[in-house]
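Visitor: Now for the letters of each chain:
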Amino acid sequence: MFFMPKKPPKMYLEGVELIGVDYVGKMRRIVHRRGPVVGPYPEHVVGPYISQIGPYYNPNTRVLEYRIASSEHPDTVEVEDLVKENYGWDLFNEVMRYNQKCVKIARKESFDVIHCHDWITVQAGIELKKAKKRPLVFTVHSTEYDRTASIYPMDWIIDVEKRGIDEADVIITVSNYMKQQLIDRYNADEKKIVVIYNGIDLEKYANAEKMIGKKNILFLGRLTNQKGAYFFLHAAKIVLEKEKDVSFIIVGKGDQMPELINLAIELGIHDKVRFTGYIPEEQIPLAYAHCNAYVMPSITEPFGITALEAMATGTPLIVSKNAGVSETVKHCFKVDFWDTYEMANKIVSILRYPVLEKVMGENSKKEVVSFGWDKVAEQTLSTYGRFA
Amino acid sequence: MTSICFYFQVHQPMRLNKFSVFSENVPYFNEARNKEIFERVARKCYLPTNKIMLGLIDELGKDFKISYSMTGVFAEQCEKYSPETVESFKNLADTGNVEFLSETYYHSLAALFSEREFRDQVEKHQELINDYFGQKPKVFRNTEAMYSNHISELVESMGYKGIITEGHDYYLKWRSPNYLYKPPGNSKLKILLRNYKLSDDIGFRFSARWWEEYPLTAEKYASWLSKCEGNLINIFIDYETFGEHQWQDTGIFEFLRKMPHDVLKYDYLEFVTPSEVVDKYEPVGEFDVPHILSWADVQRDTSAWLENDMQRAAFEEMAKLEGKIDDKELLHTWRLLQTSDHFYYMCTKWFADGDVHKYFNPYDSPYDAFINYMNILQDVKKKVTSGNNEG
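Taken in sequence, the protein lines are chains A and B.
Just so we're aligned, residue 0 is where the first sequence starts under numbering that gives the first Met the number 0, counting upward by one.
Just so we're aligned, residue 0 is where the second sequence starts under numbering that gives the first Met the number 0, counting upward by one.
Read the hints as simulated data drawn from the structure, not as lab findings.
Be aware that one or more of the hints could be misleading.
Here are the computed lysine to aspartate or glutamate pairs in the EDC-like style, where the Cα-Cα straight-line distance is at most 16 Å [said to hold, decoys possible]:
{"no.": "1", "chain 1": "B", "residue 1": "K17", "chain 2": "A", "residue 2": "E341"}
{"no.": "2", "chain 1": "A", "residue 1": "K241", "chain 2": "B", "residue 2": "E23"}
{"no.": "3", "chain 1": "A", "residue 1": "K357", "chain 2": "B", "residue 2": "E306"}
{"no.": "4", "chain 1": "B", "residue 1": "K348", "chain 2": "A", "residue 2": "E366"}
{"no.": "5", "chain 1": "A", "residue 1": "K241", "chain 2": "B", "residue 2": "D378"}
{"no.": "6", "chain 1": "B", "residue 1": "K348", "chain 2": "A", "residue 2": "D338"}
{"no.": "7", "chain 1": "A", "residue 1": "K357", "chain 2": "B", "residue 2": "D296"}
{"no.": "8", "chain 1": "A", "residue 1": "K320", "chain 2": "B", "residue 2": "D363"}
{"no.": "9", "chain 1": "A", "residue 1": "K329", "chain 2": "A", "residue 2": "D373"}
{"no.": "10", "chain 1": "A", "residue 1": "K131", "chain 2": "A", "residue 2": "E108"}
{"no.": "11", "chain 1": "B", "residue 1": "K17", "chain 2": "A", "residue 2": "E108"}
Remember, it's a predicted structure, so these values are computed and weren't measured experimentally.
The task is simple: from the sequences and hints, build the whole structure.
Guide: Here it is as structure tokens:
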């Protein structure tokens with residue numbers, strides 16, 4: 000039985016009972032206003048309300064697109080849609096309501112193990128563990144420190160995480176990097192922690208057709224401090240001193256977008272940078288395949304699944320040493336996120352020596368074959384086995 | 000009589016500096032690092048091992064003989080960073096029991112791309128051996144024991160009597176490496192084949208606890224040699240085996256000190272040098288090698304240096320500069336960039352397994368090695384074309 004804030008309408012899994020806690024009939028419309036940063040932002044209507052707990056994007060939100068009009072008029076920025084907030088207005092209460100609802104439903108059921116993912120659900124897990132005397136497994140995909148890059152983390156969320164870490168019988172982390180963080184910052188009991196790396200749906204990426212003769216460098220991720228797009232743009236500036244004919248593609252959306260657009264203008268590289276906003280999931284493999292390299296300059300990254308996705312398409316990867324994924328993959332470049340010169344060195348080299356893309360691409364494709372979800376499932380099952 | 004021929008390869012590459020696409024006027028070679036590594040290996044290996052060898056010659060007199068091939072790249076660094084090591088090699092040569100072999104000065108793969116370049120580098124090495132040790136080598140060994148019928152012709156045409164290479168099973172078929180062989184046809188060249196099993200017993204397995212023969216004692220090793228078929232056993236290993244690959248605490252030095260004594264307890268075993276071998280024995284058969292073999296890894300081919308497309312691209316780019324450089328110093332630099340190690344660092348074969356190759360690799364990944372090499376090569380190219388190149 001699987002509780003989620005909202006159940007995707009077309010999602011059915013064999014042997015799994017999916018329970019959406021969002022069976023709310025009422026629709027709400029939210030008008031979201033933002034002060035102008037570069038150009039005037041119009042008032043916008045963002046999607047019908049279903050649940051406010053959709054972590055990073057809401058599929059009902061329209062595709063965002065930011066376009067910089069032209070190099071002649073760097074000050075005009077056309078904005079077609081707005082960045083949507085990650086969370087709802089009153090997150091605290093929303094999460095409380097969700098957890099209470101989960102507990103209410105689950106109390107009537109019988110089960111062997113409770114498995115919670117991240118802080119949003121763990122309070123329900125703790126309560127159920129006590130009420131039903133069942134072991135609690137807590138997977139930490141990211142902490143509040145990660146999501147905020149340690150800039151104004153919310154204390155009450157950290158408290159929830161800490162409680163989950165203390166109460167859980169087993170903690171699963173997605174990397175050793177994350178494991179260490181839980182030990183250092185949350186005083187977690189090392190013996191309770193199991194590392195299970197993330198996986199990807201290999202088939203989705205392996206067949207994306209590589210574009211020939213392109214000169215594009217990709218950033219893909221939420222536009223927040225954590226993901227380090229700021230460093231990507233600074234590296235782009237340096238690259239463009241050596242290689243004129245390159246485009247830098249920024250896929251994703253987030254709070255930082257206006258700031259990043261400004262930065263591109265300040266650096267004088269706005270005509271070489273394209274912000275695509277959110278792109279539908281099925282287009283993501285193509286985004287990798289249309290680029291010469293995927294750069295992941297995260298300041299902090301518990302794992303970094305997109306790194307595996309890029310590798311699966313055979314796109315050379317330049318990954319931050321601070322990403323959990325970099326402790327387990329080999330056929331890529333590893334850089335410090337702040338070392339924009341080194342990042343640029345690698346990007347220029349990939350563009351200049353095409354054989355790199357070929358060799359690294361072939362080898363990375365081979366390497367990620369071992370990162371299927373089946374392996375993750377196996378390891379998770381054997382973790383449950385501890386309580387059998 | 001069974002002759003035992005010990006030969007040691009002595010080499011240290013000149014490791015490159017970090018060189019990015021933005022680097023300008025950065026020296027290509029990493030002086031500090033090369034110095035540090037050289038001094039360390041001299042302390043751990045060259046000096047103590049040479050001392051043991053001198054001691055053995057002292058004790059056993061004419062009965063103990065060994066041979067070396069020392070690269071020019073090694074010699075240059077040795078003079079700079081450890082002159083006492085140069086002296087100790089000269090002392091060894093002075094005993095008359097120690098022979099030095101020929102090879103390419105730059106420990107390069109020149110034989111794979113240019114006959115002319117190959118000859119130039121071998122001649123430069125001949126001068127070095129003559130200057131240092133007053134010897135004129137009769138036996139040749141190519142970089143990484145790379146060998147083919149073609150290379151044998153080249154080497155014979157330069158006046159050599161013998162060549163050393165790997166006793167590769169694929170070409171030996173059912174035959175034993177413990178005899179002299181010759182190339183097919185009318186060639187008079189004699190081929191000494193490495194007994195890889197007995198060589199690797201010391202070089203790789205000496206301290207391997209998983210090995211059923213662990214621990215390897217001098218007595219046991221001598222008894223294996225005594226039971227070998229054939230009339231010639233060639234034990235060819237890296238000199239750095241002593242104290243660097245196999246650390247002092249493995250007991251490798253005690254082994255080395257004792258083993259020659261234990262060998263000579265068998266009155267039908269003797270130590271010989273490669274030039275004595277070619278004088279003493281006649282070939283028993285032909286060793287026909289149409290494709291290039293080497294002494295590296297399981298494959299024993301060129302794949303450690305020239306397998307993936309990065310390695311080949313880098314090698315081709317380097318080779319393209321042949322004949323275009325007039326400036327003496329730049330020519331020397333270009334040749335230093337031919338040292339096989341630079342291509343070895345770009346090898347992706349075993350990279351994911353994180354094995355033994357990693358220990359010797361100064362780069363984070365083969366891709367970093369490739370970028371760095373290419374960036375330096377581009378810089379050299381720029382100098383060649385910008386006329387910073389007059390003799």
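Visitor: Please go over all the hints and tell whether each is borne out by the structure.
Guide: Quick rundown of the hints versus the structure:
no.: 1; hint: K17/B - E341/A; verdict: holds, 11 Å
no.: 2; hint: K241/A - E23/B; verdict: holds, 13 Å
no.: 3; hint: K357/A - E306/B; verdict: holds, 14 Å
no.: 4; hint: K348/B - E366/A; verdict: holds, 12 Å
no.: 5; hint: K241/A - D378/B; verdict: holds, 14 Å
no.: 6; hint: K348/B - D338/A; verdict: violated, 29 Å
no.: 7; hint: K357/A - D296/B; verdict: violated, 25 Å
no.: 8; hint: K320/A - D363/B; verdict: holds, 12 Å
no.: 9; hint: K329/A - D373/A; verdict: violated, 21 Å
no.: 10; hint: K131/A - E108/A; verdict: holds, 10 Å
no.: 11; hint: K17/B - E108/A; verdict: violated, 62 Å
Of the numbered hints stated above, those contradicted by the structure are hints 6, 7, 9, 11, listed in ascending order.
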